[in-house]
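Asker: Here's the letter readout for the chains.
Number of protein chains: 2
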Amino acid sequence: MTEEAEQARDESRHDDEAYQLPPRTVTAILYAVDTGDRDRLEELMAPLHAADIADLLEQMNTHDRAELIRLHDRDFDGEILSELDETLREEVIAMLHPAVLAEAVRDLESDDVVDLVEDLEEPQQEAILDALEDADRVAVERALAYPENSAGRLMQREVVMAPEDWTVGQAIDFLRAADDLPEQFYHVVLVDPRMHPVGNVTLGRLMSHRREVPLSELTEDVFEVIPVTRDEEDVAYAFNQYHLISAPVVDDDGRLVGVITIDDAMAVLDDEHEEDILRMAGVSDESSLSDTIFAAARGRATWLSVNLLTAILAAFVINLFSEEIEAMVALAVLMPIVASMGGNAGTQTMTVTVRALATRDLTAQNALRVMRREISVGAVNGVLFGVLIALVAGFWFGVPMLAAVICVAMMLTQVTAALGGFAIPMLLDRAGIDPALASGPFVTSVTDVVGFFTFLGLAGWVLL
Amino acid sequence: MTEEAEQARDESRHDDEAYQLPPRTVTAILYAVDTGDRDRLEELMAPLHAADIADLLEQMNTHDRAELIRLHDRDFDGEILSELDETLREEVIAMLHPAVLAEAVRDLESDDVVDLVEDLEEPQQEAILDALEDADRVAVERALAYPENSAGRLMQREVVMAPEDWTVGQAIDFLRAADDLPEQFYHVVLVDPRMHPVGNVTLGRLMSHRREVPLSELTEDVFEVIPVTRDEEDVAYAFNQYHLISAPVVDDDGRLVGVITIDDAMAVLDDEHEEDILRMAGVSDESSLSDTIFAAARGRATWLSVNLLTAILAAFVINLFSEEIEAMVALAVLMPIVASMGGNAGTQTMTVTVRALATRDLTAQNALRVMRREISVGAVNGVLFGVLIALVAGFWFGVPMLAAVICVAMMLTQVTAALGGFAIPMLLDRAGIDPALASGPFVTSVTDVVGFFTFLGLAGWVLL
Numbered sequence: 001m002t003e004e005a006e007q008a009r010d011e012s013r014h015d016d017e018a019y020q021l022p023p024r025t026v027t028a029i030l031y032a033v034d035t036g037d038r039d040r041l042e043e044l045m046a047p048l049h050a051a052d053i054a055d056l057l058e059q060m061n062t063h064d065r066a067e068l069i070r071l072h073d074r075d076f077d078g079e080i081l082s083e084l085d086e087t088l089r090e091e092v093i094a095m096l097h098p099a100v101l102a103e104a105v106r107d108l109e110s111d112d113v114v115d116l117v118e119d120l121e122e123p124q125q126e127a128i129l130d131a132l133e134d135a136d137r138v139a140v141e142r143a144l145a146y147p148e149n150s151a152g153r154l155m156q157r158e159v160v161m162a163p164e165d166w167t168v169g170q171a172i173d174f175l176r177a178a179d180d181l182p183e184q185f186y187h188v189v190l191v192d193p194r195m196h197p198v199g200n201v202t203l204g205r206l207m208s209h210r211r212e213v214p215l216s217e218l219t220e221d222v223f224e225v226i227p228v229t230r231d232e233e234d235v236a237y238a239f240n241q242y243h244l245i246s247a248p249v250v251d252d253d254g255r256l257v258g259v260i261t262i263d264d265a266m267a268v269l270d271d272e273h274e275e276d277i278l279r280m281a282g283v284s285d286e287s288s289l290s291d292t293i294f295a296a297a298r299g300r301a302t303w304l305s306v307n308l309l310t311a312i313l314a315a316f317v318i319n320l321f322s323e324e325i326e327a328m329v330a331l332a333v334l335m336p337i338v339a340s341m342g343g344n345a346g347t348q349t350m351t352v353t354v355r356a357l358a359t360r361d362l363t364a365q366n367a368l369r370v371m372r373r374e375i376s377v378g379a380v381n382g383v384l385f386g387v388l389i390a391l392v393a394g395f396w397f398g399v400p401m402l403a404a405v406i407c408v409a410m411m412l413t414q415v416t417a418a419l420g421g422f423a424i425p426m427l428l429d430r431a432g433i434d435p436a437l438a439s440g441p442f443v444t445s446v447t448d449v450v451g452f453f454t455f456l457g458l459a460g461w462v463l464l
Numbered sequence: 001m002t003e004e005a006e007q008a009r010d011e012s013r014h015d016d017e018a019y020q021l022p023p024r025t026v027t028a029i030l031y032a033v034d035t036g037d038r039d040r041l042e043e044l045m046a047p048l049h050a051a052d053i054a055d056l057l058e059q060m061n062t063h064d065r066a067e068l069i070r071l072h073d074r075d076f077d078g079e080i081l082s083e084l085d086e087t088l089r090e091e092v093i094a095m096l097h098p099a100v101l102a103e104a105v106r107d108l109e110s111d112d113v114v115d116l117v118e119d120l121e122e123p124q125q126e127a128i129l130d131a132l133e134d135a136d137r138v139a140v141e142r143a144l145a146y147p148e149n150s151a152g153r154l155m156q157r158e159v160v161m162a163p164e165d166w167t168v169g170q171a172i173d174f175l176r177a178a179d180d181l182p183e184q185f186y187h188v189v190l191v192d193p194r195m196h197p198v199g200n201v202t203l204g205r206l207m208s209h210r211r212e213v214p215l216s217e218l219t220e221d222v223f224e225v226i227p228v229t230r231d232e233e234d235v236a237y238a239f240n241q242y243h244l245i246s247a248p249v250v251d252d253d254g255r256l257v258g259v260i261t262i263d264d265a266m267a268v269l270d271d272e273h274e275e276d277i278l279r280m281a282g283v284s285d286e287s288s289l290s291d292t293i294f295a296a297a298r299g300r301a302t303w304l305s306v307n308l309l310t311a312i313l314a315a316f317v318i319n320l321f322s323e324e325i326e327a328m329v330a331l332a333v334l335m336p337i338v339a340s341m342g343g344n345a346g347t348q349t350m351t352v353t354v355r356a357l358a359t360r361d362l363t364a365q366n367a368l369r370v371m372r373r374e375i376s377v378g379a380v381n382g383v384l385f386g387v388l389i390a391l392v393a394g395f396w397f398g399v400p401m402l403a404a405v406i407c408v409a410m411m412l413t414q415v416t417a418a419l420g421g422f423a424i425p426m427l428l429d430r431a432g433i434d435p436a437l438a439s440g441p442f443v444t445s446v447t448d449v450v451g452f453f454t455f456l457g458l459a460g461w462v463l464l
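Taken in sequence, the protein lines are chains E and Y. full-length UniProt numbering applies: residue 1 is where the first sequence begins, and numbers increase by one. full-length UniProt numbering applies: residue 1 is where the second sequence begins, and numbers increase by one.
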């Protein structure tokens, strides 16, 4: 077995470490930084991909990061800035010598520069724009004129196009004569005389057909044209739904102004997922592992404050029944079970609903049916866990009526949790708010209040 | 302004409805199904993409779905099956006439057939394999021999390759003479005489260079070779991290056996997101909106059972302090606040940790620093919300020592929540278990127990 094969086999066994920088490399780099050994550092960093260097910078502490950048300054690659987490970009850009920064930025494609500068403060943005050549600067400034998170910010302006009446031969001759083709392109976009895109021809088809075949006979079946103001989240959805590789972008008059490729759409999909998962957990979606302690604490405090208010509301509900609790402490012992099970079921339904909205599986057509199903699921599990907890409570405290009360309270809370977990994200979505903001705090506060109220209320009514 | 432009503008304003089937179309299709109007149905369905038809089937009720399939049977496209949610595939396949099924499947690429059959029961799998031509059948069976969720299942076996010593001219002549090129390909893979892949040349570069240029001068800088047994999640990570468009797949001996393209990697990334988000909420990751009520209830009951056990554990803790509660009911009123805030903070830390593990931002190098940071964040928010709740409790019940007790309990619980939210997913990851399974139930039960114990324990010790 060859060496590569052994390596391949070894890697496949250790999937956890696949595509992680080897710890030995990281240790060696940190040692080179510590000892200020610039040559050794260059030697270690040269084979690394810009994305991996960016990850490494994110994982270092502030002091080591500054040292590494000081030593690595000469060869700093603009792509590292592109790959770097937004929260660290300003810090790293401020560390770079202006001449190095200018050099680094000039090598980037215009869509990467847009991504890089759009969140920077004015002075840093200016410094980078000034470093660009005039044509690139104009391209970047035009892109920045489009709304944030729109297709216009995401697209590249360099498009390979051909008139719709050309043949394979004409297109091939044109491509072979062109001297400024984009780094990456996968289609020739056919346009009509008004510059409206009418079809995509893959390079593969172009290469495998005879010169006299008209391009219009080779266009792909699936062809999506993206308005320049469309939200990037919708763009990512379209790429994933229709298996697009690249798609033309048009302005308000339907004229071709750029092209979006699937690698950019994939990065958006990943970002949107990060945003959803953090929002649902009540964490600021701009937080990152390299935040300072106070920045991170602030990013969590917002939802903790909401949760504090709703928890106090739940405490008020409990306080209404303080006499009942005084008369029977078992109520205080059992009430968190009802609330906790409700919170869990509510979170489950909420997550399914938020996800189904994101994937467009939940629409006006099936909303009612899905709601009925969720409520039925709540009822089924309500009966199941109601009976289970009744048995536990009955044996524990030996009061049959207490068992009956907790059984009914569990059923009611499970059904309410399903209703709340479905309705809260749906209403937020209808109101134009991201349903992922219907995170834990909202739903669990509803289920807490309902759980405490039904259990203690029923107990007060029946038992005392 | 042209009609298309108006449409484009209109769409960009209504981002919520972008890429949703227009409700009017859905209504018209349902009406055609109801009235058994086969011609009208064909007319309405013809312009739809297979992925949209699959979504439509998922959103219909069982009866309408069966009717639509009965009417649409003649023209049933195999891609609809590919796009359909796994939970519905068996149902729909069972509805199709065997001849229609055979026809539908024969049009699919072999990697799509693999994706289609891998989760089917034996008899349905056999029926589909039998419908394939011999060569395709062998290809699919070979792919099925690779582990589930591996690169071998994901790849297509049709690869466009060239010897590493060829020139641009030789490659172009070869491509133009070939009559069985894959539908979609973006690179020519260069191989050495032992069939080991050594580089990728994009079609764009091939077309824009002179015939005598050696291919080895045109290879891309970033080149990742994927072992056939590598987990598809790692494959998706590599595509996203290194902006790959296609990557060669090699067997244990390092020989080229297939190629994976970015559209497949993007679909995996999306699936993994879905799995993570559902697991963290304690929902079975195989659930879908078209599950029956009982299937859906079962998919949630597992984690509800775990939660029931941990909630009972928390109730035992409360029961230890029943005398204290009897003496001071305010304790029962306030204790859920401490637990709820802890659950929230724990979920926040857990989500950040699970996500950082998935993106490889959390490694052995920075784990200690991240843990210290999370605990510090817990301490900062613990002090903040401890003081806040102390003020509320102090004014509410007028017992200064009670305020002091809840303040300290809040601080301790916030710090423990941070520790638990970090450590539980980390330990699961080290043990080779998906950290997303450290979902709500786990972390919130830790914080519930700690919250109740510190608050009631301190109260019993100090107040009574």
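Quick caveat, the hints were computed from the structure, so don't treat them as lab data. All C-beta atoms in this analysis are idealised placements derived from N, C-alpha and C, irrespective of residue type, glycine included. Take the hints with a grain of salt, since some may be wrong.
[Unchecked claim] Derived contacts from chain E toward chain Y, CB cut-off under 10 Å, selection only:
1. Arg40
2. Glu43
3. Leu44
4. His97
5. Gln124
6. Gln125
7. Leu175
8. Arg230
9. Ser305
10. Ile325
11. Thr347
12. Ala364
13. Asn381
14. Trp396
Asker: For each hint, tell me whether it holds in the structure or not.
Answerer: For each hint, the structure was consulted:
1. Arg40: 18 Å, violated
2. Glu43: 18 Å, violated
3. Leu44: Where the cut-off is 10 Å and the nearest Cβ of chain Y is about 15 Å from E:Leu44, the hint is violated.
4. His97: 25 Å, violated
5. Gln124: 24 Å, violated
6. Gln125: 24 Å, violated
7. Leu175: Holds: closest Cβ of chain Y sits about 5 Å from E:Leu175, inside 10 Å.
8. Arg230: This hint holds: E:Arg230 lies near chain Y, its Cβ roughly 5 Å from the closest one there, short of 10 Å.
9. Ser305: 8 Å, holds
10. Ile325: 5 Å, holds
11. Thr347: 5 Å, holds
12. Ala364: 6 Å, holds
13. Asn381: The hint holds - E:Asn381 has a Cβ within 10 Å of chain Y, the shortest such distance being about 5 Å.
14. Trp396: 8 Å, holds
Violation of the numbered hints given earlier is confined to hints 1, 2, 3, 4, 5, 6; the remaining hints are satisfied by the structure.
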